[in-house]
Amino acid sequence: MINKRLVSYLKEDKKYVYLQVLMQWLGLIAQIIIVVIIAGMVNELYSKGKINYFFIKIVIIVVLILIKGYFGKLVSVYSFKAGKNIKAKLRCDIYKKVLLLNNHYNKIISTASLTQLMSEGVEQLEIYFGKYLPQFFYSMIAPVTLFIVLGQVEFKGALVLFICVPLIPMSIVLVQKFAKRLLSKYWGLYGNLAERFLDNVRGLTTLKGYRGDSFKHVEMNEEAQRFRNVTMKVLVMQLNSISIMDLVAYGGAALGIIISLYSYQVGSINLGQTFMMIMLSAEYFIPLRLLGSFFHIAMNGNAASEKIFKLLDVSITDDKELEIGDINEIEIRDLSFGYDEKIVLKDVSLKINQPGIYGIVGSSGSGKSTIAKLLMGYYDNYQGKLAYNNKQINEIKHTSLMKQITMVEHDPYIFVGTVRSNLLDGNCNSDDTMMIDVLKKVNLWNYFEGINGLDSEIEERGNNLSGGQKQRLSIARALLHDTKVYIFDEATSNIDIESEEIIMRLIYQMQDEKIVILISHRLASVENSKCNYVFSHGKLIGFDSHDKLMKDNKEYRNLVNTQKEIENYGGNTSEKT
1 MINKRLVSYL
11 KEDKKYVYLQ
21 VLMQWLGLIA
31 QIIIVVIIAG
41 MVNELYSKGK
51 INYFFIKIVI
61 IVVLILIKGY
71 FGKLVSVYSF
81 KAGKNIKAKL
91 RCDIYKKVLL
101 LNNHYNKIIS
111 TASLTQLMSE
121 GVEQLEIYFG
131 KYLPQFFYSM
141 IAPVTLFIVL
151 GQVEFKGALV
161 LFICVPLIPM
171 SIVLVQKFAK
181 RLLSKYWGLY
191 GNLAERFLDN
201 VRGLTTLKGY
211 RGDSFKHVEM
221 NEEAQRFRNV
231 TMKVLVMQLN
241 SISIMDLVAY
251 GGAALGIIIS
261 LYSYQVGSIN
271 LGQTFMMIML
281 SAEYFIPLRL
291 LGSFFHIAMN
301 GNAASEKIFK
311 LLDVSITDDK
321 ELEIGDINEI
331 EIRDLSFGYD
341 EKIVLKDVSL
351 KINQPGIYGI
361 VGSSGSGKST
371 IAKLLMGYYD
381 NYQGKLAYNN
391 KQINEIKHTS
401 LMKQITMVEH
411 DPYIFVGTVR
421 SNLLDGNCNS
431 DDTMMIDVLK
441 KVNLWNYFEG
451 INGLDSEIEE
461 RGNNLSGGQK
471 QRLSIARALL
481 HDTKVYIFDE
491 ATSNIDIESE
501 EIIMRLIYQM
511 QDEKIVILIS
521 HRLASVENSK
531 CNYVFSHGKL
541 IGFDSHDKLM
551 KDNKEYRNLV
561 NTQKEIENYG
571 GNTSEKT
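258 is the number that UniProt numbering gives to position 258 of the sequence shown; each next residue is one higher, with no gaps.
A portion of the hints provided could be inaccurate.
Distance ranges between label pairs, derived from CB positions [to be verified]:
(1) I60 to M140: 25 to 33 Å
(2) G453 to E329: 18 to 26 Å
(3) K89 to G151: 37 to 45 Å
(4) G467 to D380: 30 to 38 Å
(5) S421 to G72: 33 to 41 Å
None of these hints come from the bench; they were simulated from the model. Ideal placement from N, C-alpha and C gives every residue a C-beta, glycine not left out.
Put together the whole structure using the sequences plus the hints.
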């Protein structure tokens with residue numbers, strides 16, 4: 001019933017759980033005092049026909065009700081505080097783990113499942129820490145307190161009620177194993193449904209193009225129906241469990257009333273004591289009844305926590321030993337690579353050992369972006385030689401590699417926060433002067449200066465910026481990273497002409513000091529490159545300057561001419577070739 005590993009996350013927040021239990025217990029004491037006073041008033045009225053100090057007692061009761069209400073408010077406050085920091089810590093741990101796993105995280109967990117765990121999965125744990133855990137401890141204290149109080153009034157009745165109390169935890173334990181298995185299945189199907197939905201949304205344009213959307217529609221309906229079925233099973237299990245707990249709780253309270261009335265009938269207790277027993281007998285079971293309700297919600301969070309800990313427990317075995325400094329040479333020899341037995345690159349060889357702009361061009365699907373990912377160290381299972389400074393990339397520590405190479409893609413991720421926080425992701429040691437300088441280089445400083453400078457707010461994915469502004473901000477972040485090698489993979493696609501010109505001007509300013517690999521669908525961008533590498537169907541079919549390739553390489557010449565025709569026809573618009 002208690003997940004020790006989850007509890008270990010409390011640490012300094014344990015005080016909020018203890019304070020919550022204390023406030024609940026003090027509220028119970030206030031409730032007992034109120035009932036005792038009212039019971040005394042009932043007994044006085046019945047035996048004497050009048051109530052002494054009536055108004056004083058009424059005032060005391062009202063004050064106690066207000067105090068009890070205040071304790072209830074504090075319970076809510078401490079409940080929120082108990083779960084707040086835990087959620088932040090868990091999300092932080094998950095995020096750090098994903099960063100350590102790098103781009104290989106999706107081999108362990110899908111993006112959709114990861115999103116669910118970090119959002120709804122973690123949110124479910126708020127009930128565990130803020131409600132279930134305090135209620136668990138309070139449910140132990142409350143019956144003991146009531147037994148001590150009511151035992152002074154009618155010991156046999158108090159003892160019978162106390163003996164009935166464990167029946168609710170027993171019903172919880174009996175259902176726990178079944179609930180755990182069912183909720184694990186629930187989260188599995190939930191993750192699969194989310195993953196399928198995300199994939200379909202991402203590929204909706206392709207599905208529409210190939211008229212496969214109706215098939216996926218049926219597939220999604222079937223997946224949703226399976227999830228609906230398991231959801232209904234979870235609800236049935238919870239309702240059955242709650243019915244049993246209600247039967248025990250209300251049956252126990254009824255038993256307490258019967259015992260009280262019998263004791264009154266035989267003269268063991270007076271009317272006031274009978275009233276007290278009747279009013280407080282339900283308090284024996286209410287805490288455990290609430291515990292049962294919180295238990296089912298907590299079990300849902302517990303099932304989510306198992307998946308979270310499964311991710312956090314993934315061992316990161318970095319058996320790579322090589323470190324690397326500034327990269328001065330890139331060598332590829334007889335490189336071959338494929339996805340799921342499909343060959344994407346075959347027998348590619350090239351060498352770069354001088355600063356400059358090096359273009360990688362070719363039609364769609366020729367392997368350009370795959371080369372970029374291999375150079376970033378995203379995949380290790382290639383064949384042949386792929387080396388920096390004569391060190392195989394798959395033998396270089398990933399952390400060391402990331403310090404020496406930077407890639408900007410066509411759709412970079414801009415984080416919610418501020419301009420400053422996004423730029424600090426590029427270099428955490430950057431000062432304001434450095435950040436303002438790079439913003440000036442990408443022609444963004446005037447824009448942000450007019451808002452709130454470096455503290456200008458950025459929405460999730462940079463939704464309050466234009467496409468060109470987002471890309472320029474990502475370029476500024478990349479410039480702060482300041483590595484010897486830069487890879488720009490379609491960095492100027494789908495942005496405005498002004499932003500494209502600013503970015504291309506910056507890229508060409510880097511050619512004297514940096515090795516810049518430029519992958520671009522607009523071949524006009526690579527006309528002034530030191531060397532262009534032409535790919536077709538995964539093979540390198542030529543490399544040289546733009547002018548020489550136009551003379552000697554038919555594939556390159558066709559690509560350039562075709563694109564010019566499209567641009568002239570469309571009024572200087574470009575499409576991916």
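Cross-check of the supplied hints:
In this structure, I60 and M140 meet the distance hint of 25 to 33 Å, their C-beta atoms being roughly 29 Å apart. The given range of 18 to 26 Å is broken by G453 and E329, whose C-beta atoms sit roughly 41 Å from each other. Checking the proposed 37 to 45 Å range against K89 and G151 shows it holds: the Cβ atoms sit about 43 Å from each other. Roughly 33 Å separates the CB atoms of G467 and D380, a value that falls within the hinted 30 to 38 Å.
In this structure, S421 and G72 meet the distance hint of 33 to 41 Å, their C-beta atoms being roughly 39 Å apart.
In terms of the numbered hints stated before, the structure departs from hint 2 and from no other.
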